[in-house]
Amino acid sequence: MKQKHLAAIATYVFLCVVCLFSVFPFYFMIVGSTNQSVDIVKGRLFFGTHLIENFKTLASTVKLGNAFWNSMRNALVNTVASLFVCSLAGYGFQIYRDKGKDTLMGLLLLSMMVPFAALMVPLFRMFSQARLLDTTVGFILPTISTAFLIFFFRQSAESFPMETVQAARVDGLGELGIFFRIFVPIMAPTFAAAAIVTFMAAWNNYLWPLIIMQSQESQTMPLLITGLTAGYTTDYGILMLSVTITTLPTLILFFTQQKRFVEGVLGSVK
Amino acid sequence: MAKTTLTKKINLYGWLFVIPAALFIFILNFYPMVSAFLLSLQTGRGNNLKFAGLKNYARLFQDEMFLTSVGNVITYLVIQVPVMLLLALVLASILNNPKLKGRGIFRTLIFLPCATSLVSSAMIFKSFFSIDGIVNTTLMGLGVLQSPMSWLTHPIWAKFVIILTITWRWTGYNTVFYLAGLQNIDRSVYEAARIDGASASRQFFSITIPLLKPVILLTTIMSTNGTLQLFDEVRNITNGGPGIATLSISQYIYNLSFMYNPQFGYAAAVSYAILVMVAVLSFIQIKVGDKR
Amino acid sequence: MKKTMCVVLALLLVVSSLAFAGGKAETAAAAADPNAPVTLTVWCWDPTFNIFAMNEAAKIYAVDHPNVKINVVETPWNDLQQKLITSLSANAASNLPDIILMQDNAIQKNVMTYPEAYVALNGKIDLTQFAQFKVDVGTIEGKHYGVPFDNGATGTFLRRDIVEKAGLKVSDFNDITWERFIELGKIVKQKTGIAMISTVANEPDFPMLMLQSAGTWMFDEAGKAYIKDNTVLKEALRITKEMVQSGVCILVPDWNAYIATLNNGTVASTINGCWISGSIQAEKSQSGKWAVVNTPRFANIAGSVNYSSQGGSGWMVMANSKHPDVAIDFLAKTFGGSVALYETILPASGAIATWLPAAKSPVYSTPIEFFGGQKIYEDLVNYAGKVPNVKYGVFNYEARDAIARALSEVMQGGSIDAALATAQKNVEFLMSE
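Residue numbers (our numbering), protein chains in the order written: chain A, 1 to 270; chain B, 1 to 292; chain C, 1 to 433.
What the hints contain is simulated information worked out from the structure, not anything from laboratory work. The structure presented is a predicted model; accordingly, all values stated were derived computationally and were not measured. It is possible that some hints are incorrect.
Subject to a maximum C-alpha distance of 27 Å in a straight line, what follows is the list of computed DSS-like cross-link-like pairs (lysine-lysine) [what the hints assert, rightly or not]: (1) B/Lys55 / C/Lys425; (2) C/Lys169 / C/Lys425; (3) A/Lys259 / B/Lys99.
Derived CB-CB ranges, DEER-like [stated by the list, open to error]: (4) C/Ser94 / B/Ala279: 50 to 58 Å; (5) C/Gly265 / A/Ile252: 38 to 46 Å; (6) B/Ala58 / C/Ala340: 57 to 65 Å; (7) A/Ile252 / C/Glu369: 46 to 54 Å; (8) B/Pro214 / A/Lys259: 17 to 25 Å.
Don't be surprised by glycine CBs; every beta carbon is placed ideally from N, CA and C.
Throw the hints in and build the complete structure from the sequences for me.
This is the structure we're talking about:
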C-alpha cells in the first residue's frame with residue numbers, strides 16, 4: 001500500500017516537472033513583454049511596468065493591426081478551404097474505396113515527403129506568372145490540399161458506418177447530401193481537430209509568405225516578428241510582446257477547442 | 001441494369017470527391033517537384049544553367065558539408081524521435097488514468113507548447129541558454145557550474161539545445177495522438193491485466209504499446225519526416241554553428257540557394273537526397289510496423 | 001439536395017469573399033494617392049536606422065518634388081536577399097522594388113550573378129564625394145552600382161571608467177598593435193577582474209576586420225580562394241585564439257548576448273563597425289563612461305593600418321524600375337547631396353555618413369555627452385577616410401562561413417594550418433560546379 005502511495009507521488013512530481021517545463025517558456029514570453037529590452041537581456045524574470053510603453057513602440061514602428069488581420073484572414077480562408085477540399089477527398093477515398101483510389105491515395109501520400117525547400121523556386125515562378133503574389137489565394141494554394149489532412153479524414157471516415165450511407169441512399173438522399181447532412185454533423189469533432197491543426201499551420205507559416213508577400217500591406221505576423229530582429233539593435237521588449245500577441249489566437253483556439261481536438265484525433269486513430 | 005447505372009453514378013461521385021484535392025497536389029506539389037528534378041540535372045550560377053546529367057548527384061558524395069549535415073540530421077533523428085515519442089507515450093498513459101486528479105489541467109499544460117510558432121519557441125530557448133540566461137544562472141546558483149557555460153557554441157551541447165527545443169514543441173502534440181489512441185482501448189483489458197498481477201510497466205509494454213502500434217507508426221513517420229526537413233529551429237537558434245556542427249540539410253539547401261552564390265541545380269539535387277531518405281525511412285518503418 | 005447545394009454555395013461565397021476582401025484592400029492601398037504620378041518602392045531593414053533615414057530622405061526630396069512618393073517596405077536583409085534571388089531566378093523582376101539596400105559584402109555576388117538586374121550609376125551621380133573604400137565596394141568591372149550609405153568603419157569603443165580604474169589612459173589604446181591590445185587587456189583583467197572584450201563565437205568578426213585592416217581578403221587577384229597560404233589570415237586566427245585563451249576576450253553565443261556584455265558592463269571594450277554606437281548608447285546609465293579610439297593593427301604584417309570596416313551597406317537602383325531616373329535623382333539629391341539629411345539622421349539614429357561633405361557639418365563636431373564629451377562622429381568619419389580597400393568577391397559568404405568553421409576548430413584545439421586547409425577545400429568545392 002505504501003509503495004502504491006509512493007508511486008502516486010512520483011507520478012504527480014513527474015507531471016508537475018513536465019508541466020513546469022512546458023509552461024515556463026510561456027511565462028518568460030509574457031513577462032518579457034512587460035519589461036524593457038535591457039532588463040530582458042539581463043534575464044529579469046518578474047513582471048515589469050513597460051507593457052504599455054512596449055505596445056506603443058510596437059504600434060508605432062510596425063503595422064500591427066494590418067499584419068494581424070492579414071494573418072487572420074489568410075489562416076481562416078486557408079482553414080475553411082482546406083477542410084472543404086480535404087474532407088471531401090478523405091470521405092471519397094474511404095466511402096467509395098476501390099483499387100484505383102487506394103493507389104491514388106498512396107501516390108498523394110508521397111507528397112508528404114517532398115521538402116518545401118525544393119519546391120520554393122518552381123512554385124514562385126508559377127505564382128508570379130499567375131499574378132498571385134501578395135494575395136490570399138496565393139498564400140493558401142500550396143497548402144489547400146495536404147496529404148496529411150486527406151489521410152486524417154480518410155481514417156476518421158473508417159468509423160463512419162456504411163449502413164448509414166446505404167440507408168440514406170434508400171431514403172433518396174444524394175451523395176453530396178449524405179456528405180453534408182450526415183457525415184459533416186456526425187464528424188464535427190474531426191473537423192474541429194482538423195481546423196485547429198490547419199489554422200495553426202497557416203497562422204505560423206513563415207517560409208512561403210516570406211517569398212510571395214512582397215508588399216508591406218500583405219505582411220503577416222511571423223514576418224513582422226523576424227523584421228523586428230533584423231536591425232543592428234533589437235528591442236527585446238517589443239519582440240516578446242509581438243511573440244505573445246502572435247501566440248494569443250492559437251492559444252485561445254487551443255484552450256477553447258481542446259476537448260474536441262482530442263475527440264477528433266480519437267476518431268482518426270481507431 | 002438499374003443497379004449498374006446506380007453503381008456507376010456512385011462511383012463517379014467518388015471520383016468527384018477526390019479529384020479536386022488530388023489536382024491541387026498534382027499541380028502544386030508534383031509538377032514543381034518534376035521541374036525541380038529537371039533543375040537538378042543542370043549546373044551553373046543564377047540563370048546561366050546548362051545540362052549536366054547526374055553530375056550534381058555525383059558531387060553530393062564529395063561534399064563534406066552535405067555529408068556533415070546528413071550526419072547532424074541523423075543524430076537529431078535517432079536521439080530526438082525515440083525520446084520524444086517515449087515521453088509522449090508515458091505521459092499519455094498517465095493522463096489516461098481516470099483516477100488521476102487534475103487530469104484536465106495537466107493535459108492542457110502538456111499540450112500548451114504546440115500552440116507556439118516554431119520561430120517563437122526557437123527564440124525563447126535561445127535566450128534560456130545564452131551566457132547570462134536562466135539556465136546558467138540556475139545551475140550556478142545550485143553550484144553545478146562554477147562559471148557560465150557557453151551552450152550554443154559547443155558542438156555537442158548546441159545539438160542538445162536544438163533537440164530539447166524540438167522535444168518541447170512537439171511532445172504535447174504527439175501525446176494528443178496517443179491519448180486519443182488509448183481512449184479507444186477498452187478499460188477492461190487493463191482491469192484484467194491488473195487482476196492477473198501485471199505491474200504498471202508490464203501493462204505499458206505488453207498492452208499499451210502493441211495496441212497503439214498504428215498510432216505509433218503514424219507519429220514516427222510524421223516525426224521522422226519533420227526532423228529530416230528541420231529548418232526553423234536550427235536557423236533561429238544556432239544558424240548551423242558552431243562551424244557547421246548543427247547545420248541541417250534544409251538549411252544547407254537554403255544557404256546554397258540564397259546565402260551563397262546561387263546554385264539552384266545543386267540545391268535541387270540536395271533536396272532530392274532528403275526525398276530519398278524520407279521515402280526509404282518511411283518504407284522501413286512501415287515494414288517494421290507491419291511485422292510486429 | 002437543394003439545401004446541400006445552398007450550404008456549398010454559401011461556404012464558397014464566404015471563402016471567396018474573404019479571399020477577395022484581401023485583394024481589394026491591397027489595390028485600394030496601391031492606388032490611394034492619385035496626386036502622386038511616381039511612387040518609388042524601397043526595400044530596406046531596421047526601423048530605427050535605415051528605414052528612418054529613408055523616410056527622412058523622402059521628406060527632404062518631397063519639398064521640391066511633391067509628386068514623388070517613397071514607399072518603404074521593411075524587409076530584413078536575409079529575406080531581402082532571398083526575395084531578390086527568387087524573383088531574378090524566376091525571371092520575375094517586375095515584382096522587385098525601385099531601390100534596395102544591400103549589404104556591402106553581398107554587392108559583388110549579387111551583381112556578378114544577375115548583372116542585368118541593377119542600374120550602373122556611372123556619370124549619373126557624383127560618387128567622388130563618398131569615402132573611397134565604400135565606392136570601391138560597389139564598383140564591379142568599372143561600373144558603379146551602389147550609393148554608399150551606412151558607414152562600417154571600425155573603432156575601439158572603450159569603457160573610460162574601467163580602463164582608468166586599471167591605471168591606464170584611453171589614449172594608451174590609440175594607434176596600437178593587437179599584441180599591445182592583449183597586454184593592456186591582461187592588465188585590465190588583472191586589476192579590475194573585467195574581461196577586455198567579447199565576440200560572438202560563431203562569427204569570424206575579428207579575423208574579417210583584421211584582414212581588411214591589412215588590405216587583404218580571402219580571394220586573390222584572379223578571384224581564386226586565398227585561404228590556405230594566407231599569412232594574414234593565419235595571423236588573424238592566431239591572435240583571435242590568443243585573445244580568447246588569455247581571457248582577454250570572452251566568447252558569447254549570439255548577438256543578443258554580445259550586446260548584453262556591453263550593456264551589463266561585462267567587458268571593458270568592443271571593436272566593431274561604428275554603427276555599434278547605437279546599441280552602446282541604449283544603456284543610458286553608462287552615459288559619460290565611454291570613449292572611442294582607432295582599431296589595433298598587426299605588429300608583423302607590412303601595410304597593416306589602424307583602420308578597418310565591418311558591416312555597412314549601400315543603396316542600389318534596380319533595372320526593373322519604371323522610373324530609374326527619378327530613383328537616381330532622388331538618391332543623388334538626398335544621400336548624395338543633402339547635408340540636412342545627415343544632420344537629421346545622425347543625432348536620432350547614429351547613422352554615420354560616408355558622404356564626406358556631411359562630415360563638415362557642425363552636427364558632426366558636436367561633443368557627445370555619452371562619450372564624455374568626445375567628438376566621436378568627427379573621429380569616426382576621419383577613420384572612414386583611411387580604411388583600406390578590399391574586393392569582397394563573389395564567394396564572400398561561402399568563404400566567411402568556412403572561416404567561421406575554421407575558427408571554431410582552432411578554438412577547440414585544432415591546428416590553424418589544418419583548419420585553413422579544410423576551409424580552402426570547402427570554399428573551392430562551393431566555387432566549382
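Given pair status - C/Lys425, B/Lys55, alpha carbons within 27 Å | With Cα atoms ~19 Å apart, B/Lys55 and C/Lys425 stay inside 27 Å; holds.
Going straight from one Cα to the other, do A/Lys259 and B/Lys99 come out at no more than 27 Å?
-> holds (18 Å)
Between C/Lys169 and C/Lys425, does the CA-CA distance stay at or below 27 Å?
-> The hint is violated at about 45 Å.
Distance restraint evaluation - C/Gly265, A/Ile252, Cβ atoms, bounds 38 to 46 Å | holds (41 Å)
Do A/Ile252 and C/Glu369 keep their Cβ atoms within the hinted range of 46 to 54 Å?
-> holds (47 Å)
Take a look at whether the Cβ-Cβ distance between B/Ala58 and C/Ala340 falls inside 57 to 65 Å.
-> At 59 Å between Cβs, range holds.
Taking the CB of B/Pro214 and the CB of A/Lys259, does the distance hold inside 17 to 25 Å?
-> Given a distance of about 23 Å, which is inside 17 to 25 Å, the answer is holds.
Given the hint of 50 to 58 Å, check if C/Ser94 and B/Ala279 actually sit that far apart at their C-beta atoms.
-> Violated: the Cβ-Cβ distance is about 38 Å, outside 50 to 58 Å.
Violated hints for the displayed structure, listed by number in ascending order: 2 and 4.
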